[in-house]
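Student: Take a look at the letters that make up each chain.
There are 2 protein chains.
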Amino acid sequence: MFYNQVLLNINKKIKLTQKELEKILRAVLTTSNFWKIAELCELTLPFLSSVLRSLQEQEIIKIKDDKILLSSKGKKLIQELCITKIQKFTCPYCKTEGVNFNLLNIKKKFLELQKNRPQPLRKYDQGYITPETTLKRVSFAISKGDVTNKEIFIIGDDDLVSIALGLTRLPKRIVVVDIDKRLIDFISKISKKESLNLEVLTLDVREPLPKEFLHKFDTFFTDPSETLEALKMFIGRGLVSLKGVGSAGYFGLTHIEASLDKWHKFEKIILSEFNCVITDIISNFNEYVNWPYATQTRAFKISPVKSIPKNNWYKSSLIRIELLKRVSWNLKVRKKNIYSDKEASTT
Amino acid sequence: MFYNQVLLNINKKIKLTQKELEKILRAVLTTSNFWKIAELCELTLPFLSSVLRSLQEQEIIKIKDDKILLSSKGKKLIQELCITKIQKFTCPYCKTEGVNFNLLNIKKKFLELQKNRPQPLRKYDQGYITPETTLKRVSFAISKGDVTNKEIFIIGDDDLVSIALGLTRLPKRIVVVDIDKRLIDFISKISKKESLNLEVLTLDVREPLPKEFLHKFDTFFTDPSETLEALKMFIGRGLVSLKGVGSAGYFGLTHIEASLDKWHKFEKIILSEFNCVITDIISNFNEYVNWPYATQTRAFKISPVKSIPKNNWYKSSLIRIELLKRVSWNLKVRKKNIYSDKEASTT
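Sequence lines, in order, name chains R and E. To convert, note that position 182 of the first sequence is 182 in the working numbering; the numbers rise steadily by one, no gaps. To convert, note that position 9 of the second sequence is 9 in the working numbering; the numbers rise steadily by one, no gaps.
Here chain R stands alone, though its shape is the one from the complex (with noise of 0.2 angstroms):
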């Protein structure tokens, strides 16, 4: 464990963690121009000028013409933490950054693979994103450098986020659990057809998460139903998941079934109880499939209309939190209908 010395030297002088430190080194191998590397590390630069410099008598970096290069003990360092060059996904014609899923090679074989998936139950809430949104949302994370080499904890996955972040073989390890039985199979038959190394578990996470979750993952994915008891819970369950500061964590909300006074009573819990920074909320993200069960929601009976939806409407916005310490928060709900209050419709 050569970084763990690395790190030793250099939180002599500046406190740093082993996050901030493959952020930087993640940037150093993707450029050697020092202000590029300040864009894309993501972190102060008076901060980054001292780490430099304590890598630099470490003899991990050489400056040479302006220029930050790796030296052979760098490089060395580099292999050990299994650092990949950082990738954007920038959207060529808007320049927005990690929504250019069309840079994923796995485009073809993820439409192809998720044709056959379960459809939608309504006694689960179900309702899943088109799948070149899963793809948006995985192209996304992996700019946040929250795929490469991680180990990810997906809680709930009619979206099928475990076998596009699966096909693009960049995570470390690949965790899926479920209430739906249907789903777990599916799930864990295309895994084994196209060996993507998913563990996929049946679970109720009104249950407290099994020890053997708490505190393993750097990244965690879920879409919840959206009542504030049940944001708590998915979000909780995820965040006891994450090993600790810089992991991070992405769900939806919508404004459909949460108003606004909703969204700024969770916004509060994420960042004093749940210890988190909200880091990205971009709206309209994330495109829903319309229903089977549309006619059944109660969307549809207080609808002052009886037709059914033609097209996607449910839309939600993708966020994003970055753990900043760690949560310990895992209790059974015992409460048993938490999926539903007075601003839901699609139960």
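Derived from the structure by calculation, the hints contain no laboratory data. Virtual Cβ for every residue (Gly too), placed ideally from N, Cα, C. Hints are supplied without guarantee of correctness; some may be wrong.
[What the hints assert, rightly or not] Now the stretches of chain E that chain R is said to cover, found in silico as 3 or more residues with beta-carbon under 8 angstroms: (1) 38-44; (2) 56-69; (3) 89-96; (4) 261-275; (5) 300-308; (6) 334-345.
Put chain E on the given structure of chain R with help from the hints.
Tutor: This is chain E only, laid out in the frame that chain R set:
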């Protein structure tokens, strides 16, 4: 004030703000399809359905063949409130909303007009975004419904957002305050030349906001220095200029001068002290043009290399917040140096 009566009638059954009524009417003006209305208005579906029912009872809308249509009474209301259709400026490539500034027909004109703008001064911690970013910021705010027929307040405008907004001819009123007389003169000159009707004023926002600007605006824009004190001051002045619930603010925040700990602290202030909800955070939305005073910055001094950046490297996230309850913070800031802290690097 016909709409006051409509609002009153709805409010007998449902608590509704004028902004919410506007959102629904804009969506109804844009499409007659209920599900598309639900997608566009960004309110919860049970709430939307109840309001539509009330509007139907009041004969503002009628439902025919499952289509939601405006009655002649409804059309009058639309006219009285100066409601216009929703424009989303969606990127044709990646489908991200609000970022397709090429749809603005002011691009050529704005790029031309901004050519002789005053160059950034270090003493004011200035540094402007590329003109394309200014246009993107405007197209994003239009998409969010914060520009058309709105009263807009801009605090510090080396980005020339006021000119771009003025050229669209969409806002009802635009007021710009800036500490820098050169900028105020430049904006004023363009405003006269192009008949933009911008109201401009030299102002140091460490002073409380003049009474005539309190609670008068729908939207504010600012791009503050990033110490916690400066952030609080700039955003605070913006918020106290806003009318109330549903009004919105836009600002930039970097990772280069603000650590995630600072982000976290500031997000808490936004949610708790400032009664706002965060609705959007788009990473690396804002791209800044390199400063002419680059070699004098702390960034340059502490950088381990001594070459001036060739490409733009300084970027920030665009953040949109929405007010849930009026803010009244408007104190004088007595401390002189609030523009620099240990994370600062561009001053």
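Student: Check, residue by residue, whether the segment 38-44 of chain E contains three or more positions whose beta-carbon lies closer than 8 angstroms to a beta-carbon of chain R, and give the verdict.
Tutor: holds (count 5)
Student: Please verify the coverage claim for the segment 300-308 of chain E: does it have three or more residues whose C-beta sits within 8 angstroms of some C-beta in chain R?
Tutor: holds (count 6)
Student: Just to make sure I understand the rule, a stretch counts as covered if three or more of its residues have a C-beta closer than 8 angstroms to a C-beta of the chain. Does the segment 334-345 of chain E meet that for chain R?
Tutor: holds (count 4)
Student: Do three or more residues of the segment 89-96 of chain E come closer than 8 angstroms to chain R, measuring C-beta to C-beta?
Tutor: holds (count 6)
Student: Can the segment 261-275 of chain E be counted as covered by chain R under the rule of three residues or more with Cβ-Cβ separation shorter than 8 angstroms?
Tutor: It holds, with 7 qualifying residues against the three required.
Student: Given that the segment 56-69 of chain E was listed as covered by chain R, double-check it with a C-beta distance under 8 angstroms for 3 or more residues.
Tutor: It holds, with 5 qualifying residues against the three required.
Checked against the numbered hints given earlier, the structure satisfies every one of them.
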